[in-house]
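Working from the sequences, and respecting the hints, build out all of it.
There are 2 protein chains.
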Amino acid sequence: MDVKIIRQLEEIVGRENVLTSIENRIAYSYDATPTFASLPDAIVIPQTPEQISRILKLANEENFIVVPRGSGTSLSGGVVPLPNSIVLLMNRWRKILEIDRENLTALVEPGVITAHLHQEVEKYGLFYPPDPGSMTISTIGGNVAENAGGLRGLKYGVTKNYVLGLEVVLPTGEIINVGGKNVKDVAGYNLKDVLIGSEGTLGIFTKILLKLIPKPQSYKTMIAFFNSLSDAGKTVADIIASHIMPATLEFLDNTTIKCVEDYAHLGLPVNAGALLLIEVDGHPAQVEEEAEKIEKICIKNGATDYKIAKSESEALNLKTARRAAFAALARVKPTTILEDATVPRSFIPEMVEKIQQIANKYQIIIGNFGHAGDGNLHPTALTDERDKEEMKRVEQAFEEIFDYAIKLGGTITGEHGVGLAKKRFLEKQFSNAAIDFMKNIKRVLDPNNILNAGKIFDLKPRCEGRLPTAREEIEKYKGLWV
Amino acid sequence: MDVKIIRQLEEIVGRENVLTSIENRIAYSYDATPTFASLPDAIVIPQTPEQISRILKLANEENFIVVPRGSGTSLSGGVVPLPNSIVLLMNRWRKILEIDRENLTALVEPGVITAHLHQEVEKYGLFYPPDPGSMTISTIGGNVAENAGGLRGLKYGVTKNYVLGLEVVLPTGEIINVGGKNVKDVAGYNLKDVLIGSEGTLGIFTKILLKLIPKPQSYKTMIAFFNSLSDAGKTVADIIASHIMPATLEFLDNTTIKCVEDYAHLGLPVNAGALLLIEVDGHPAQVEEEAEKIEKICIKNGATDYKIAKSESEALNLKTARRAAFAALARVKPTTILEDATVPRSFIPEMVEKIQQIANKYQIIIGNFGHAGDGNLHPTALTDERDKEEMKRVEQAFEEIFDYAIKLGGTITGEHGVGLAKKRFLEKQFSNAAIDFMKNIKRVLDPNNILNAGKIFDLKPRCEGRLPTAREEIEKYKGLWV
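Heads up: the sequence lines are chains A and B, in that order. All residue numbers for the first sequence refer to UniProt numbering, where the first residue is 1 and numbers rise by one. All residue numbers for the second sequence refer to UniProt numbering, where the first residue is 1 and numbers rise by one.
In short, the hints are calculated from the structure, not lab data. Among the clues, some could well be false.
Treat identical chains as interchangeable: a pair holds within one or across any two.
Under the rule of at most 27 angstroms between Cα atoms (straight-line distance), these lysine-lysine pairs were calculated in the BS3-like manner [stated by the list, open to error]: (1) K354 to K300; (2) K407 to K211; (3) K57 to K439; (4) K296 to K123; (5) K155 to K215; (6) K215 to K234; (7) K407 to K423; (8) K310 to K300; (9) K310 to K388; (10) K215 to K95; (11) K123 to K234; (12) K211 to K293.
Written out as structure tokens, the structure reads:
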């Protein structure tokens, strides 16, 4: 990057807020997605929306890419800087500006840590439900950019269900406000919801107004073990059919149970085919009744063991099995590829079985866990990126997994976004007309394609015939890899 | 309209499905919005998405406007056809195609009547919460196009919270599918939510996939009377502050109470300053506790009378007072202008008082009722459109009402949409950059501006200085009025 541009950036944010050392550039060259990395030219730390506006205007003039970044927990390469990029670091915007107890809202800066917001609002008996796996480090800004999900999605929905308003800097530098504290608002197009989940490609959030709800009065946490995933699948279907909406309804397969036990020593039965973690919440009487019904349903479907937490610490223990799944799997092999193929809830047993068949076919290890209640699976390949031959099989396996998810009316991504990692699959899920709709929105908002360019899709004509593989996508930027 | 175009339309949908008699054109020249009307050139009744696609392609070639219409209950002139328009009548698309009890979804055609869907899903113990005032005649397609609200918005949200997927014909004729049965889906931009609430300007829905939830086990309906709206307002604030989320929390002012009593003879105390209708639902134990707490809060705030329904028919009776409000007010004078200025919940007492001051200032009658729980007011002017002098005062009063709502962080429309009636206010609520964002979305999707053109905004440069009045907007089309 031209030193003249670096000087201009320093002039906007102050010299101490532009980092260009090789150590810093390496630190911001990757996110939580294996195999993707590329050096940014600089890391810029803005303090005000006006500074961000000036940076974006400069990017439009000088034609460089701006990659907004919170804590960098993306699992789709969403904040990996492509060549000719600067990283715009937002994680110091950490103020909770207001908790409005009359209107049940919180106004926050984008760098607030998700779990910190949980704690703060719970002091007032309020509740912010979205709880992505990375919540202890992820930022609200990143959650909004990715429309993050979590374990409470089945009953409470995902991030977009809790975003009431945004102050946002558009790619061309205009600062706009959309939404507000009104529960109902139908004035003009719903700009807010097209910005949510736009993966940092349509705007940079500088203030976020969130909806809060009263904290549920009580909850009960249960864990059940089954001989097979099929028994666990039937249990999930029966729970929903009895019109119980658990706050949490998660599963672990045998591979994941073994890894978790090996990691956390919780005393899990390592031969169990599946584990279900279930939490119901609400009024104590309702919670009591639902817990009883769920126990009966589990036993009817052949649960080999069933535990109900008797205290908060016991509940926390049970939840550890699920929360530790990713970390536990990640210890087994050097590279852990965590995906989020999602299907309508009723197809979970079929999809889980298919994933196992595909893993066998390609002779790779795929641990499987995830949000059984909302169809959001996390098939996780345990591999080694240095083993090019195995990596090729892993890629082929995921290609088949995504194809099958799409065939079942599912989606290539329930939580993680498209980013760099799933660009080539997006075109399988949507028609040309729908992809053009997306690209046209990007083109009118970001005519010079400067904001997180190259994520979600390329603004080139759709290539006919074979889609490039992830490996080929990476090879394109070979000279720039760390 | 050129007879050649009429012939081409007949060729697409069949001769019997193109109506051009003056009687038919008059019947489709207006909706539920007073003072707006204009003759369409024809009414076209399509049977398939492909026919709609061909009609839209023809509109692009021949440069006429297509106005999609369900039951025509718009309160913002949303389906009033501007000159050079055809009405595309969708209300015969009445099939409920699927109720999926495993995934808790309903797939419907756009012409399904809202209340009919309620009844059908409730047979399976399921629940579709959105319940706009016009639900006994409104269509789901219209509800989605307007993002309709209703009485249950506070606890359950509005239409957009229940739309999972859409089959939609875009203005240029492409048929696309967005969304699906997945509870979590973050693949690509959220096109679905920008189509919802686009007031028929961005696409025509041909299939709608809706989210259902388990029907609440029980409910209790209460009514409370107060000497003043201020006491009622304090009651609302105290209910929310105690972390109770009623399914319904509605108010009527004294003018409305008097009109309802005169109309429905329910035995309401006609001297009460305000009435609150409250319904809580959920688990019986929770409902019982919440009802008790609410009674105490009402009494603490000086309720002069308090009733709790002891049976379903008593509950229905209590709800009649609220459901009849619009019809009761409409009897008083020839013209009833029902608005939906909305403010953050905590500003309701201030906004209600301001509306009364404004009504006094302009010496007009404004009845006030609405959704106290979610800040969505329905100030309703009782007037006579033939009295030009009074109509001018009514317009001035609403101008001040909207200005004050915006000042409080509110919105010019909580439920009814912008349509024709509120175009001139939209620019007060949003910045130039936000309006340009909306217009750019319209321009890329509908380059010839053929789909419900002239609604929400004009695609002309924003006029500097004074905004045109509603009267001036109407006068523009004077030669064409019925």
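Do the hints match the structure? See the list:
For the identical chains of this complex, K354 and K300 are intra-copy neighbours only, at 25 angstroms inside a copy versus 61 angstroms across copies, given an alpha-carbon limit of 27 angstroms. In this homomeric assembly, K407 and K211 come within 27 angstroms of each other (Cα to Cα) only across copies, at 21 angstroms, whereas the closest approach inside a single copy is 35 angstroms. For the homomeric pair K57 and K439, the shortest alpha-carbon distances inside one copy (21 angstroms) and between copies (21 angstroms) are both at most 27 angstroms. Taking the shortest Cα distances, K296 and K123 sit within 27 angstroms of each other only across copies (25 angstroms), while inside one copy they are farther apart (35 angstroms).
In this assembly of identical chains, K155 and K215 lie within 27 angstroms of each other by CA distance both inside one copy and across copies; the values are 13 angstroms within and 14 angstroms between. Taking identical chains as interchangeable, the C-alpha atoms of K215 and K234 lie at most 27 angstroms apart only when they sit on different chains, with a minimum of 22 angstroms there against 30 angstroms within one chain. When the C-alpha separation of K407 and K423 is checked against a cutoff of 27 angstroms, the pair qualifies only within one copy, where the shortest distance is 18 angstroms, while the shortest distance between copies is 43 angstroms. Within a single copy, K310 and K300 get their C-alpha atoms as close as 23 angstroms, which meets the 27 angstroms cut-off; across copies the closest is 38 angstroms, which misses it.
For the homomeric pair K310 and K388, neither the shortest alpha-carbon distance inside one copy (48 angstroms) nor that between copies (72 angstroms) is at most 27 angstroms. Proximity of K215 to K95 under the C-alpha cut-off of 27 angstroms is restricted to the intra-copy arrangement: shortest distance 22 angstroms within a copy versus 40 angstroms between copies. In the homo-oligomer, the alpha carbons of K123 and K234 lie at most 27 angstroms apart only across protomers (24 angstroms), although the nearest pairing inside one protomer, at 38 angstroms, exceeds that limit. Taking the closest pair of Cα atoms, K211 and K293 come within 27 angstroms of each other only across two copies (24 angstroms); inside a single copy the shortest separation is 31 angstroms, beyond that limit.
Of the hints listed earlier, the one the structure fails to meet is number 9.
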